[in-house]
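The residues making up each chain are set out below.
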Amino acid sequence: GAGVSQSPRYKVAKRGQDVALRCDPISGHVSLFWYQQALGQGPEFLTYFQNEAQLDKSGLPSDRFFAERPEGSVSTLKIQRTQQEDSAVYLCASSLVAGQETQYFGPGTRLLVL
Amino acid sequence: GQQLNQSPQSMFIQEGEDVSMNCTSSSIFNTWLWYKQDPGEGPVLLIALYKAGELTSNGRLTAQFGITRKDSFLNISASIPSDVGIYFCAGQLGYSGAGSYQLTFGKGTKLSVIP
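Protein sequence lines, in the order shown, are assigned to chains A and B.
Numbered per my numbering, the first sequence spans residues 115 to 228.
Numbered per my numbering, the second sequence spans residues 10 to 124.
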């Protein structure tokens, strides 16, 4: 398909384990965003890439969270030493350029930390 | 993090009824957006508003960008069963600079339609 894809769709991790979540944006989209959505809440911004440059990481909740987009396409969100409060849906969105361009969301990765 | 004030939190309505929901913010946004999210899926854009005072329609959906730039509402006319889902408002500064591109979301309005 031509949409944003994310993998895995579901991840169960034991507390303290490291996890890596992948996002494949729409081909040619310059901008890529990561959001965290807790149960019953709206998505909250984590970080933003323009091509391979991480221009805004103000929403990352701690230094356990790390994101990269080395070649300006696929992005990985890594969470080290997971904790129960990290349990949430992690959404990736991409847009053609920056600014007011529509952000298209992927289906999300549902992370459960036990 | 900041979330917009969205109301109502949930609604139960009869099929065919009109629906209205709104969103307010303590700060100004230059773009207002309305998304719908189905279970297990990501949000899907319904309507985007780029100008204060703008009224925009998309089929049975109508949304307005408040004059103060601090609020927006969404109306759904003649609701049908497939309107069930969670509706989110979102604001974006979008002027320039990386910090302005992120979306700030409301907590959502859960819509249930009774056939």
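Hints in this document: simulated from the structure, not taken from any laboratory.
Watch out, some of these pointers could steer you wrong.
[What the hints assert, rightly or not] With a straight-line cut-off of 30 Å between C-alpha atoms, the simulated DSSO-like cross-links for lysine-lysine are:
#1 B:119 - B:60
#2 B:79 - B:60
#3 A:192 - A:171
#4 A:171 - B:60
#5 B:79 - A:125
#6 A:125 - A:171
#7 B:79 - A:192
#8 A:125 - A:192
#9 B:60 - A:128
#10 A:192 - B:60
#11 B:116 - A:125
#12 A:125 - B:119
On a predicted model such as this, the values are computed, not experimentally measured, just so you know.
>> Check whether the Cα positions of residue 192 (chain A) and residue 171 (chain A) lie no farther apart than 30 Å.
In response: The given pair, whose Cα atoms are some 13 Å apart, holds under the 30 Å limit.
> Taking 30 Å as the top limit, are the C-alpha atoms of residue 60 (chain B) and residue 128 (chain A) close enough?
Replying inline: 47 Å, violated
>> Run the distance test for residue 171 (chain A) versus residue 60 (chain B): straight-line Cα separation, threshold 30 Å.
In response: 28 Å, holds
> Taken at face value, is the distance from the CA of residue 60 (chain B) to the CA of residue 192 (chain A) at most 30 Å?
Replying inline: 37 Å, violated
> CA of residue 79 (chain B) to CA of residue 60 (chain B), is that 30 Å or under?
Replying inline: 12 Å, holds
>> What's the verdict on residue 125 (chain A) and residue 119 (chain B), does the C-alpha distance respect the 30 Å limit or exceed it?
In response: It holds: about 26 Å lies between the C-alpha atoms, which stays within 30 Å.
>> Hinted pair, alpha-carbon criterion (30 Å max): residue 79 (chain B), residue 192 (chain A). Please report holds or violated.
In response: Given that 30 Å is the threshold and the Cα spacing comes to 35 Å, the pair is violated.
>> Against the 30 Å threshold, does the CA-CA distance of residue 116 (chain B) and residue 125 (chain A) hold or violate the hint?
In response: With a Cα-Cα distance of about 24 Å, the restraint between residue 116 (chain B) and residue 125 (chain A) holds, given a limit of 30 Å.
> Are residue 119 (chain B) and residue 60 (chain B) close enough, with their CA atoms no more than 30 Å apart?
Replying inline: Roughly 27 Å separates the two Cα atoms, so the pair holds.
>> What's the verdict on residue 125 (chain A) and residue 192 (chain A), does the C-alpha distance respect the 30 Å limit or exceed it?
In response: It holds: about 13 Å lies between the C-alpha atoms, which stays within 30 Å.
> Going straight from one Cα to the other, do residue 79 (chain B) and residue 125 (chain A) come out at no more than 30 Å?
Replying inline: Distance ~38 Å between residue 79 (chain B) and residue 125 (chain A) Cα, so the pair is violated.
> Hey, residue 125 (chain A) versus residue 171 (chain A), does the alpha-carbon distance stay inside 30 Å?
Replying inline: Roughly 23 Å separates the two Cα atoms, so the pair holds.
Taken one by one, the earlier hints fail for this structure at numbers 5, 7, 9, 10, listed in ascending order.
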